[in-house]
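*Asks:* Next come the chains, spelled out residue by residue.
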Amino acid sequence: MTQIRQLVLCAALSITRELLSPTILGAQARIDFASDVAPILRRCQACHGQGQQLSGLRLDSRKNALQGGSSGPSVIPGNGQQSLLIQMVSGQKPGRIMPPVGEPLTSDQVRLLKDWIDQGAEWHEDPVTYGEEATKHWAYRKPMRPVPSQVKNSSWVKNPIDNFVLDRLERERLTPAPEAAKETLVRRLSLDLIGLPPPLDLVNQFVADKSSSAYERLVDRLLASPHFGEHWAQQWLDLARYADTSGYESDEPRTAWAWRDWVIDAFNHNLPFDQFTTEQIAGDLLPSATENQLVATGFHRNTLINDEAGSKEDEFYDAAVKDRVDTTGTVWLGSTLGCAQCHNHKYDPFTQRDYYRLYAIFNNTAESGIKLNEHIGIFKGDRTELSRQVGEVRRLRRILDTQTPELAAAQKTWEAEIVPRLPAFESSWQPLAPSGLKSSGGADLNVQPDGSILALGTNPDNDTYELEIHTPLKSVTGFRVEALPREGFTVGGPGRGEKDRFSLTSFEVEAWTREQLERQVWLQENTLAWGPWYEIGPFRTLSREEAFSKPFEPETNYDLLEVYENGNLAWSKRVGWRDGVIQPLGGENCARYLYRSITVREAMTCWASVGTNKGLQVWLNKKKVLSNDPTREIARDQEWLKLDFKRGKNEILVKLTNDSGKFGFYFQPYVGTEREARVLLASGVAESGDARQDLAELLGGKPDATWSNLDYVSDGREASQAVFQTRAPLVLDGKTVLKIRLKHDSPQKQHNLGHFKLWATSLKTSSLADLVAVPKKIRSILRVSPAQRSETHAQDLATYYRSIAPALNTARQEHQRLARQLEDFRERHSTTALVMRELPKARQTRIQNRGNFLSLGEVVPPGTPEILFRIEGEKEINRLTFARWLIDKQNPLTSRVRVNQIWGNIFGRGLVPTPEDFGLQGEPPSHPELLDWLATEYMSLEWNTKAFVRLIVTSAAYRQASTVTPDKLQRDPNNQLLSRGARYRVRGETVRDIALSVGGLLSPKVGGPSVFPPQPPSVLDDHFIEGGFKIWPESKGVDRHRRGLYTFYKRTTPYPTFVAFDAPDRTVCTVKRSRSNTPLQALTTLNDAVFVEAAGGLARRVVTEARGSNRERLRYAFQAALSRVPTEQETSHLLDMLERVTKKYKADIGEARKTVSAARVNPPSRLDATELAPWIVVANVLLNLDETITRE
Amino acid sequence: MDTNKESIQQITRRHLLFGTGLSLGSIALASLLDNKLLATEEAHRSAPLFSKLPHFTPKAKSVIFLNMAGAPSQLDLFDWKPKLKELGGTNVPKELIEGERFAFLTGTPRLLGSVFNFDRHGQTGTWISELLPHLREVVDETSFIYSLTTDQFNHVPAELMMFTGSPRAGRPSMGSWVTYGLGSESQDLPGFVVLVSDRGARCGSACHGSGFLPTVYQGVPFRSGKDPVLSLSNPDGMSREIRRDSLDAIKKLNQTNLESEGDPEIETRIAAYEMAYKMQTSVPELMDISREPRRVHEMYGTEPGKKSFGNNCLLARRLVERGVRFVQVSHGEWDHHGGTRVNLPRHLPERCKEVDRASAALVKDLKERGLLNQTLVIWGGEFGRTPMLQGEPNDPLVGRDHHRTFTMWLAGGGLKRGVHFGATDDLGYKAVHDPVTPHDLQATLLHLLGLDHTRLTYRFQGREFRLTDVHGQVLQQLIA
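In the order they appear, the protein sequences are chains U and S. Position one of the first sequence corresponds to residue 1 (my numbering), numbered consecutively onward. Position one of the second sequence corresponds to residue 1 (my numbering), numbered consecutively onward.
Derived by calculation from the structure, the hints in this document are not laboratory data. Treat the hints with care, since some could be wrong.
Stated by the list, open to error - Derived SDA-like pairs (lysine to any residue); straight-line CA-CA distance at most 25 Å:
no. : chain 1 : residue 1 : chain 2 : residue 2
1   : U       : 1143      : U       : 1116
2   : U       : 312       : S       : 430
3   : U       : 312       : S       : 108
4   : S       : 226       : U       : 1040
5   : S       : 307       : U       : 564
6   : S       : 226       : U       : 1033
7   : U       : 142       : U       : 867
8   : U       : 1144      : S       : 236
9   : S       : 306       : U       : 1020
10  : S       : 59        : U       : 312
11  : U       : 312       : S       : 106
12  : S       : 252       : U       : 1119
13  : S       : 307       : S       : 282
14  : U       : 136       : S       : 463
15  : S       : 251       : U       : 1040
16  : U       : 371       : S       : 102
17  : S       : 226       : U       : 1019
18  : S       : 252       : U       : 1127
Said to hold, decoys possible - Output of the computed footprint for chain S on chain U, the stretches with three or more beta carbons under 8 Å from beta carbons of chain S:
no. : segment
19  : 292–303
20  : 1117–1125
21  : 1129–1136
22  : 1147–1160
Said to hold, decoys possible - Here are a few chain U residues that face chain S, going by a calculated C-beta distance under 10 Å:
no. : residue
23  : 406
24  : 570
25  : 640
26  : 984
27  : 1015
28  : 1068
29  : 1190
Using N, Cα and C, we set each Cβ at its ideal position, and we do this for glycine too.
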């Protein structure tokens, strides 16, 4: 009974291992300890082995087993029935069965153990103690190159692969299947090499080609296709857990596709696997790493991050490092290193110490576990165009840098003009002594006898000094602030910050007549009441355009008590906001709204000066008064906003939109004549010693622009000064009051000026400008007569002159224009990539007790698992030396593991059926010699992947027909013996690619940002994500129909079609996808919009491209989908259906039209919907055949 | 052998599968297997949702998990602490929080007594907050665990811990383990269904995903609207008649191919298409609650066509009636930290109002139909909330931070009724009696379904994985 049951069972459920194991088929023979018993006893070792002896029992040697534990001897030789071991494993003791974890032993395993004890419990060696056993394990020994086996039917053999395969078949008395039909072969090759069905003409061409090299030429043609890289990248993306979002709560998008394109490119350019490995593991550590090599390190940046509020950095950084170790172990070593996080591996020879030594290798990079950091900008555009533009810019630069006799002569003229004016410039500055001094923060400002100002007392955060000045000057064209060193300050410098530093962020001047001043005070005190700002956002979108143009709820209804976005967003009052200060805001690709009310006693017009970085829209009392979306950086005073207030309450609603970059808002209201009083400044320059700083940014109010002595730390005591020119001469009447405001709004909050002096000049604007522009250093050179100047000084002067020479104006402007254009070009064609970056100083790694990052043990240095082989002669073990260790030809695992992955990608299963586990718990290879031959062959091909793939697909084993006979189904149910061609359903992405391709819709575009093909909107409804990424901006144009691998991979809700067809969510490394077969899949290919559209596309092809009768049209459609002609029976089934369906549609043309419109077909002219609709139904049938989505 | 007999009986009861069809021949063969062999991947590939034998006689057949995502405040709903009320406003004792990591609280926060009133109810004298008047009516049917303790204090890791047994993404969820272990009893519905109201959970599909188990075991969201299951309806213009005709053509052509290729997988595909066709009517029929009697609608507070927790509770009952194993109903936004948006005084009552009537109705309704003893109902969040206050000083809109100790209630499914299990200290800070971890809860849930949590394993990347990792104790004291 048992025997029969086993056979039946194997036939039905394909337990190949049982079939191949001699223990079942040859149970009568004498039991061999090493091959039969030891593998079973290995399961006991975790609890009853070297490391641990629960109940005092140790089952790793005969002596120990006989001796037993606290319950007595476990094995009584000759008496299996009475042996405790048998009683425990067969569950005879109520409530207890061994092993306690995992499935119990099978009844055959129990019987085997019992028979072994009955036979005397012979125990030749101590095979279950793990060091010894493990070193003997096949996978940890270097592959030796076997000699291809001799076979009887040698004419079948096309290359050495076939010797190994046929030898095994002959020994099992099986014959290989005949070669598959040419139509099948061309479809098979196309699906295996490029992941797409072959176009009809390729099929016809191949079928017609009777030459002996036809097959090889087809292979080479496919290997050269740019789609080869796409198809082969897909398996690698699963291994690398590549996705376009970060996972966990908000599952934010990340820009990572440059790495995905790198993989495609690497396959297309046939990057040898050793380099492919090194660059991904440690591209950043290669000497003078290229941009591409940096991008390659994105492999290990595919780890998740958790940016949920309240998450702790250490926890998720640790999780990412562990993921890197585990993934590396699985992908390159086929080893389950993760087990050793908490304890020594129970089966494989990896210790916990080994684990943390590997952890140490990866524990030295700069990225965070809770936010996305460490990316680089990379150029993805046309490099020829880039170098053309760079060349142009350089050419102009050379012109600007070349001295000519003409320029030398012009310089002489210029010198003659400017030198005499210098003394007047120096002496024109008049000191300004303030009569009123105010510090917003309450510092004590004093005017010193020399007219300088000294700040004493408290040193408040971000102080603003307001100085009132009466001056006899009739006109002012420039102001000067001198930061003066002060004896008695900490280091004798001019500032009040740490080490006497200061940071001035704004310099503002107003000029008031007495009348203006009086009216102003009255206005402010009596007529206006400004409410506080309220703010809400971010409203997320995928693009800046969408953010700008989409009216979110607050735009039409700004009830401050309302909540929006499912209650995720509410208005909040911004109490701390001050007018005239840039307020930082957060968020990329989003909109924010601001609200403020103003109550005025009488209707009046005010002005506000506003600034932000991108889109700005303003409504006053629900009427749009401003709308602008330029690309700019946040700054003060970018736009004037005219505000016509009505009497009573007025409401301002501001909408700000951003894509990326510093996001902020600036608002400075001007009431009454404030706007007229404001003195506009044209330019500014600061000097300290020879250092010179353009203060244009400070005047423009860029958020982090400051004038400070931070840069002059080495000599902070030196006086430095800033000069500001007015845009127009300021005319004064003696009664005018100047108000000068000095603001210190830098993040270094206490960096206020401590000691300074103000000056003004009346020198004519025209003559001031060029003098101010001349750096101090040049001024001092100019003061020396030409004959006495040193060579360096002469050169400095010439260089300076060229930078202002009128003769070079055109070249200079052109250079500027082209340089800007170049920058813009670079920016438009750039993306970012996440990369690894090694920290200069290594982090310390400690063993984690039970894998808990908060419970640390002894310190371990970086290193590799000792059992495999040692890195020799390396002083330092880092990611680079580790990568080289991985691909060292001494490494017993890497090549075996990789060739098995490649084999699996072609045959649907590996020679080792557990590609993720080559350890003692994994399944042994079906063809051990073939595996080793392939592993050594791959290395002697110098890891040439295309050559290796070519080798496999040109074998006779590969070319077999996949038809299965009942005999083979019984004897080789899973085709582990390769007694026929492989037959399996393709992966989810390919199911969709096939449909789009057959429907003539598939875009051939390779690479680029991920796309958002249509999916039902309800897919994203599944969960609530606070402020999370929940957008699916449906792609337009060709991007609706790109290959599956370009679909935006959202980890919490992957594209549903792929999920239905077993795609993983890419949170962890996946080596082997399962291959289910379910009604949800049927519903997808029957009804999903994309598949219906594809059916429409195929129908359109049929009615436009195929001529003749329905029979001929059907033949065309069938061939397009399946690459073969239909049988007579198939034809008649389909034609019958076509006829019936046509009748139905003719009876109801409305239904036919609906069908056509659901399939989004643009019907060819003069074609009736009732003619097209039935073909859509036929196409839908064809796309749903098992054969269509199967690689035969 | 007994096992075989049982299997064959099961087949004759036609407890079949969702997810695949099998020819009679292959079912018969599969039934001859030892159940344990079905755990191999090959077997699952052939018959993934074929109804399987449990490890031992089960007490429950189905589970309805009412997931209160965001973590309701146990201290304002179930775990009545007069002492905490008394000490409200004073600083939390320092030794209590020493070495503890919180999501947001820092320094020495002040204690906050329950914001709501409590009363005792039922013969069991269970303390229940005034916010849950309907639950009061069924307290004698339910058991309370006051001592749940998780080691996660952020939402998604804690939700993952509750539903997958690990705080990291990538593991199979409870419902997936259950359908993997037991298969489905429904012929035309998935074994694991997910219902999300207008306020869902945060971890997305990760809390009903199949992780490394085959995707056939993942929770299938049933949505409101035209297509409760994605792609359920035929495209416009494709009548059911035409669909039938085209399915017949698919079947005939697949059959031809099966004859020439001999691959049993083709047979499975033929059956899958037939099942899909059946689902096109069975699922809309299931989702249509309009024909439920008025009394039922009043009991649940349901309104047909609405996306609400109440509707989902009623749907959950209809699902288990039809043999679905695991129904996960999520209702979120219990994250009451304080402040205008999420405070206890205003928002906790709102949430309670949304769930109280229907949760209690589910228990009553199942009982009336005799389904309660075979259906386990669980109600609770991923963690609890601190006895300490979170919020601005003097702001009446108080809240509480995330806390690792919390309360859940359970009913039916072979549990004792009216048990009060475990207890926290006087301040409701720590479990002082019988602490219960999510792994214990998971072990107990599997146990009630007849599964030994240490034996329900799946081999992935060389390791045997379990829902309960290497932990978990069955809470025998709770089992009837």
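*Asks:* Checking against the hints above, which ones are violated?
*Replies:* Checked against the structure, the hints that fail are numbers 10, 15, 19, 20, 23 and 25, while the rest are satisfied.
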